[in-house]
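As you go down the protein sequences, you meet chains V and B in turn. Going by the numbering used here, 128 is the number at position 128 of the first sequence; the sequence numbering is gapless. Going by the numbering used here, 75 is the number at position 75 of the second sequence; the sequence numbering is gapless.
Calculated directly from the structure, the hints in this document are not laboratory data. Since the structure is predicted, the reported quantities are computational estimates derived from the model, not experimental observations. Note that beta-carbon positions come from the ideal geometry of N, C-alpha and C, so glycine has one too. Keep in mind that a hint or two might mislead.
[Stated by the list, open to error] List of simulated lysine-lysine pairs, DSSO-like, C-alpha gap at most 27 Å:
hint, chain 1, residue 1, chain 2, residue 2
1, V, Lys165, V, Lys358
2, B, Lys122, V, Lys358
3, B, Lys28, B, Lys122
4, V, Lys358, V, Lys300
5, V, Lys87, B, Lys369
6, B, Lys226, B, Lys28
7, B, Lys373, B, Lys282
8, V, Lys87, B, Lys373
9, V, Lys336, V, Lys427
10, B, Lys309, V, Lys87
11, B, Lys336, V, Lys87
12, B, Lys226, B, Lys122
13, V, Lys220, V, Lys87
14, V, Lys300, V, Lys165
15, V, Lys336, V, Lys300
[To be verified] To give an idea of the interface, some chain B residues facing chain V are shown, with a C-beta separation under 7 Å as derived from the structure:
hint, residue
16, Ala91
17, Gln151
18, Ala262
19, Asp382
[Said to hold, decoys possible] What the simulated footprint calls covered on chain V by chain B, stretch by stretch (three residues with Cβ under 8 Å from a Cβ of chain B suffice, anywhere in the stretch; the number is not a length):
hint, stretch
20, 231 to 243
21, 370 to 378
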Amino acid sequence: MIRLVITLWATLIALPAMAEIEIKQVTSPGGINAWLVEDHTIPFTALELRFRGGGSLDAPGKRGATNLMVGLLEEGAADMDARAFAKRSEELAASFGYGSSDDAVSVSAKFLTENRDQAIAHLRASLIEPRFDADAVERVRAQVLSGLRQDVTDPQSIASRAFDKLVFGTHPYGASQDGTIDSVTALTRDDIVAAHHGALARDRLYVGAVGDITAEQLGKLLDTLLLDLPETGAPMPPAADPVFPGGTHVTDFDTPQSVVVFGQPGVDMTDPDFFPAYVLNQILGGGSFESRLMQEVREKRGLTYGIYTYLADRDLADFWAGSVASGNESVAEAIKVIRAEWQRARDGVTEAELNDAKTYMTGAYPLRFDGNGPIANILVSMQMMGLTPDYVSNRNAMIEAVTMADITRVAQRLLDPAQLTFVVVGKPQGLGPT
Amino acid sequence: MTRFLALAAALLFAPLNAFADDSVTDFKLDNGMEVVVIEDHRAPVAVHMAWYRSGSADETPGVSGVAHFLEHLLFKGTDTLEPGEFSATVARNGGNDNAFTSYDYTAYYQRVAADRLELMMKMESDRMVNLRLDEGDIETERNVILEERNQRVDNNPSALFREQKGAVQYLNHRYGVPIIGWRHEMESLSLDDALSYYGTYYSPNNAILIVAGDVTPDEVKTLAEKYYGVIPANPDLPERIRAIEPPQTAERRMIFRDPRVAQPWVNRSYLAPARDSGAQEKAAALVLLSEILGGGQTSLLNERLQFDKQMVVYAGAGYGAGALDDTTFDLYVVPKPGVSLQEAEDAMDAVIAEFLENGVDEEQLARIKMQLKASQIYARDDVESIANRYGRALTQGLTVADVQAWPDVLQAVTVDDIMAAARDLFNRDRSVTGWLMADAAQPVEVSQ
Chain V
1 MIRLVITLWA TLIALPAMAE IEIKQVTSPG GINAWLVEDH TIPFTALELR
51 FRGGGSLDAP GKRGATNLMV GLLEEGAADM DARAFAKRSE ELAASFGYGS
101 SDDAVSVSAK FLTENRDQAI AHLRASLIEP RFDADAVERV RAQVLSGLRQ
151 DVTDPQSIAS RAFDKLVFGT HPYGASQDGT IDSVTALTRD DIVAAHHGAL
201 ARDRLYVGAV GDITAEQLGK LLDTLLLDLP ETGAPMPPAA DPVFPGGTHV
251 TDFDTPQSVV VFGQPGVDMT DPDFFPAYVL NQILGGGSFE SRLMQEVREK
301 RGLTYGIYTY LADRDLADFW AGSVASGNES VAEAIKVIRA EWQRARDGVT
351 EAELNDAKTY MTGAYPLRFD GNGPIANILV SMQMMGLTPD YVSNRNAMIE
401 AVTMADITRV AQRLLDPAQL TFVVVGKPQG LGPT
Chain B
1 MTRFLALAAA LLFAPLNAFA DDSVTDFKLD NGMEVVVIED HRAPVAVHMA
51 WYRSGSADET PGVSGVAHFL EHLLFKGTDT LEPGEFSATV ARNGGNDNAF
101 TSYDYTAYYQ RVAADRLELM MKMESDRMVN LRLDEGDIET ERNVILEERN
151 QRVDNNPSAL FREQKGAVQY LNHRYGVPII GWRHEMESLS LDDALSYYGT
201 YYSPNNAILI VAGDVTPDEV KTLAEKYYGV IPANPDLPER IRAIEPPQTA
251 ERRMIFRDPR VAQPWVNRSY LAPARDSGAQ EKAAALVLLS EILGGGQTSL
301 LNERLQFDKQ MVVYAGAGYG AGALDDTTFD LYVVPKPGVS LQEAEDAMDA
351 VIAEFLENGV DEEQLARIKM QLKASQIYAR DDVESIANRY GRALTQGLTV
401 ADVQAWPDVL QAVTVDDIMA AARDLFNRDR SVTGWLMADA AQPVEVSQ
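Using the sequences and the accompanying hints, generate a full structural model.
Here you go:
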């Protein structure tokens, strides 16, 4: 029987200041799509799986079910209880990481070439045949609850939660995907099994692989690993409708340094203004030392150790957010400076700022592609964002194309001091609760 | 303590050794500066690092935090660079830069496209000796490090606990003083304090240059001679002699209470030797001991306390193999609600007693050694972590040969070695036990 085993497109991508990487688009015999970069230098493979949906798929009243389920995948599978599973992982010297976020369940695997088939059989057991044994459920539940109790008295967690609740309300984004002490306490094994069927399905799967493996080997591997997952999972939740009321919202908490989260509406990656906004964010607060906020709040005034802003391009909402921490006695001044900079950025930026941001962003981009693990992550993130492989070679040109006029237009359109909303946790002086 | 937070976490985990030896080249410049080149030609990226054999434990009493403060100040100007121009230049070349300070070292690094290496060397060699500071730099940056202390320590009861516990652990050695400094001493750090530390320790004969990535030893040597090789050695560099710990002869115990503690836990530490040049065997045995007792889900503490007795949320062990002077071997137990810290501690001690009685499970030891071998392969994926490994080792009294021998030393550890190390180690008279708890005697119930 002659059959096309693998369908394969390859895109050669020339990165500036970077060796070519060749992204192959692989379809396995069973129909699973993946992106692959072959590199046989080191005898291992990094495999990154993402299942879109993640914690946002939790059924009503079952907050934290997906997170707890993911925590249990490596706690017993097939004929192995938790301890037997862990021993087998150690024998294989494979590294499996399982994680859950608002938008995805992620599985990050590294395995040696010398025992690849055994490692994949083991990983498969955890994804397809997790046991969710009663004792394992109670043990992992206790670990999750311990974390939730600590979050209650951690100013950073209090601030994130207060911000999410204020902005996203009853949407899944409005509450932590870890759940609450009450919701996690009430979860049953049936809830966990339902979360497993809902979250780990092939209709929401993205795969990136990098390392010592050929397209044909990867195709077979993916069929073994994933073909027995259900074809469809739980319906995706609706998009969020974030509300930014403006103002400063204080949560009183006795700690010496106030933690601040702030944000306003953002912009989707498909919006033609996304790249100008991305560059503008770099100039305003993009995390490097050269950003205006780092210069004004830290370098000139010594009000903080760090401040950054970012464009959050999430699956169900876009927003523009940032974070800073400053002593209770100085946080009011820090917020004043941030507000002033937000207003000032509406007037645009200087030619030098734009050029510096572009050279930084275009130069730093290829430096991200520096290892099998990091590249596998990039491959799978690009797929989730709906990008094609040639994005890697076009991306810098889109940065370069941003003009001063673009920046000014986008700053006027998007930066909105009236909606810029601050959540503060601590004992801030000179900031009344609103 | 890093200049800013982005990459700090990666440094907490000291991966085990890794690289095929032929990818590492080392040599010395005429002025005594050591150079290590680690080749990885998969991507045209280079990591350029300058490591100094001086950290917070080399500070003079009374100016705690000055090593880290100076690290921040090195981003201010030199004779030829304006304040902030260093990082701005790195950024304009598409690179990232940062720095970090520990007890035994201070290091500065840039990640750039490999063809920008020369510019990095030019700037890094410049600030080794040509720093220019004024009072204005001092005051603002002192506020920044105080905010850093707020963020890392004062806002976090676990960090405050660790800081107090370190002070109880070391009566005489500077490992008992926090790297970031005691607040009251940080508040009065002066320009003179910073310059005095700079003048004493920043010189080529106290530094190690590490370049990793898409570079060749020949080009690194040529550039290093051009930029670093012309800086004269400091003839007055002091010998690295620190006040050492007296023998500990009495058990120490402490309780740290803070209303922000929602999850109490117990930490027991024992003074222990670190890796020593040419004699790493004992440290290797302690690494394996920590893996056996608390290295993961199948470790003995977790087997007994998490699975069998179901008393703890988590248990673990940790051993700081890399240190210039004596280090600690730590045990942790995090009890479940309803289990007191005393019960958790007693259960932990029962596991140690059981281990000393029954010895090592040979199958477990074989699994651990297999993982150590595999970690050498995985580590090759991250050349920056390999560069860090050499930087830490060479500032902590080890040599390139020690680093390269370490995987074999680990594989050669026997059951008898581990038991001998354990019997030496577990002496309560040489231990410190700390309890972290909320204000009340029992953990408070918190609801949302």
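Evaluated hints:
{"no.": "1", "hint": "V:Lys165 x V:Lys358", "in the structure": "violated (35 Å)"}
{"no.": "2", "hint": "B:Lys122 x V:Lys358", "in the structure": "holds (24 Å)"}
{"no.": "3", "hint": "B:Lys28 x B:Lys122", "in the structure": "holds (18 Å)"}
{"no.": "4", "hint": "V:Lys358 x V:Lys300", "in the structure": "holds (24 Å)"}
{"no.": "5", "hint": "V:Lys87 x B:Lys369", "in the structure": "holds (13 Å)"}
{"no.": "6", "hint": "B:Lys226 x B:Lys28", "in the structure": "holds (14 Å)"}
{"no.": "7", "hint": "B:Lys373 x B:Lys282", "in the structure": "holds (19 Å)"}
{"no.": "8", "hint": "V:Lys87 x B:Lys373", "in the structure": "holds (16 Å)"}
{"no.": "9", "hint": "V:Lys336 x V:Lys427", "in the structure": "holds (17 Å)"}
{"no.": "10", "hint": "B:Lys309 x V:Lys87", "in the structure": "holds (19 Å)"}
{"no.": "11", "hint": "B:Lys336 x V:Lys87", "in the structure": "holds (24 Å)"}
{"no.": "12", "hint": "B:Lys226 x B:Lys122", "in the structure": "holds (9 Å)"}
{"no.": "13", "hint": "V:Lys220 x V:Lys87", "in the structure": "holds (26 Å)"}
{"no.": "14", "hint": "V:Lys300 x V:Lys165", "in the structure": "violated (33 Å)"}
{"no.": "15", "hint": "V:Lys336 x V:Lys300", "in the structure": "holds (14 Å)"}
{"no.": "16", "hint": "Ala91", "in the structure": "holds (4 Å)"}
{"no.": "17", "hint": "Gln151", "in the structure": "holds (5 Å)"}
{"no.": "18", "hint": "Ala262", "in the structure": "holds (4 Å)"}
{"no.": "19", "hint": "Asp382", "in the structure": "holds (6 Å)"}
{"no.": "20", "hint": "231 to 243", "in the structure": "violated (count 0)"}
{"no.": "21", "hint": "370 to 378", "in the structure": "holds (count 4)"}
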